[in-house]
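Trainee: Residue-level listing of the chains:
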Amino acid sequence: MLKKFMRGNRKEEAALTAMHEHLDLLCAAGHTLTELLTSNAKDLVEKIFDLEREGDTARRRVLSIIFEGAFLPYLRPNLCRFVELVDEAFDTVEDTARYYDLIALHPSITEECRRIASFNQQMCEILILAFELAVRGEDIREQVLAIRILEKRVDDLKGDIYQKIHEVPVADFWQGKFYADFLQSLTAFSDLIEDASDALYVLTVSFR
Amino acid sequence: MKLEEIMTRKLESIASDASVYEAIERMVDKRIRSLLVRASHPAELDGVVTARDVVFKVLAKGLNPMKIRVGDIACRPLRCVPKDETVENVAALMEQANVARVFVCDGGTVVGLVALMDIMQAALIDRARNPHA
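Those sequence lines, one after another, are chains A and B.
If you're matching positions, the first sequence starts at 1 in our numbering and goes up one per residue.
If you're matching positions, the second sequence starts at 1 in our numbering and goes up one per residue.
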């Protein structure tokens with residue numbers, strides 16, 4: 001459907017390709033984060049930083065193509081909003097990896113954190129699928145609902161973690177802050193993906 | 001999708017010697033519809049009590065929930081499935097047994113609970129991931 005709104009030049013095609021690339025990079029970063037939390041291989045932190053830098057480049061490319069005139073003007077704000085939300089989600093993955101590197105995850109909440117990372121990754125995969133379907137003009141209602149279900153699960157796990165968090169010993173203020181920031185960024189990802197899927201849905205609805 | 005991914009791990013339980021009223025309090029507080037009933041005596045088995053049991057077996061009959069042991073109205077034995085069971089098989093079992101939830105067990109220990117809502121959500125996620133299947 002997005003292609004229906006192209007105006008015959010290649011700018012829209014290039015923007016959509018860059019948006020897909022941006023999403024692919026986000027998914028790769030999400031996958032790496034799940035691996036990091038499972039294997040505790042701290043060298044993966046650097047890999048996530050690299051992916052985030054590549055993601056930034058992809059975002060800039062998308063935005064510059066849009067500002068050069070890709071897509072009809074009324075579509076541009078929503079497209080830019082979608083791209084910015086994906087980028088914010090990217091930033092949370094980077095922050096999660098950064099804070100994880102600074103803390104020693106307590107065994108009482110490790111399983112919940114791994115499950116959240118895994119749900120985040122699944123949400124990201126479904127968002128890519130929704131994007132592909134939206135580009136082809138297909139309905140993305142089911143993908144939006146699945147993302148909402150997974151977000152709710154992340155919220156439930158967040159609640160479980162917050163019930164246990166007071167049992168986690170922290171050495172000093174900074175240790176506690178990094179812990180809190182780690183959990184904040186780990187759980188913020190799902191909200192942003194949900195917002196991005198809603199923004200995409202609004203775009204597809206506006207095409208009807 | 002694996003059962004492990006969709007099951008609820010946080011199980012609320014109550015001792016079988018507790019009163020039905022205590023079970024009601026717990027369900028209202030936690031906003032849940034069932035509790036795992038842990039056997040208080042060696043001769044007893046673990047069971048499950050649901051809001052349905054509370055209503056049909058106690059409240060609707062005009063009995064006093066404070067005077068009835070939750071162990072007396074619990075359903076036994078627990079319907080357990082192994083954690084590597086498929087979601088499809090669990091759904092079939094629930095339909096066959098006409099139950100809304102089954103427990104996930106690992107070597108005789110209850111490790112989780114799968115309710116109809118979990119199955120429904122798993123199916124929806126599966127549909128979203130395979131749109132043209």
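These are calculated hints, taken from the structure and not from any lab test.
It should be emphasised that the depicted structure is a prediction, and the values quoted were computed from it without experimental measurement.
Any given hint could turn out to be false.
Claimed, not checked - Dumping the calculated PhoX-like pairs for lysine-lysine here, alpha-carbon to alpha-carbon at most 20 Å:
id, chain 1, residue 1, chain 2, residue 2
1, B, K2, A, K152
2, B, K2, B, K30
3, A, K158, B, K83
4, A, K164, A, K177
5, A, K152, B, K67
6, B, K83, B, K2
Trainee: Hinted pair, alpha-carbon criterion (20 Å max): A/K164, A/K177. Please report holds or violated.
Mentor: The hint holds at about 16 Å.
Trainee: Would the pair A/K158 and B/K83 pass a check requiring their Cα atoms to be no farther apart than 20 Å?
Mentor: Violated. A/K158 to B/K83 sits at ~23 Å, over the 20 Å cutoff.
Trainee: Against the 20 Å threshold, does the CA-CA distance of A/K152 and B/K67 hold or violate the hint?
Mentor: violated (38 Å)
Trainee: Checking one constraint from the list: CA of B/K2 to CA of A/K152, max 20 Å. Satisfied?
Mentor: holds (18 Å)
Trainee: Regarding the pair B/K2 and B/K30, is the alpha-carbon distance no greater than 20 Å?
Mentor: At roughly 26 Å apart (the allowed maximum being 20 Å), B/K30 and B/K2 break the hint.
Trainee: Within 20 Å, alpha carbon to alpha carbon, are B/K83 and B/K2?
Mentor: holds (8 Å)
When the structure is compared with the earlier hints, violations turn up for hints 2, 3, 5 and for no others.
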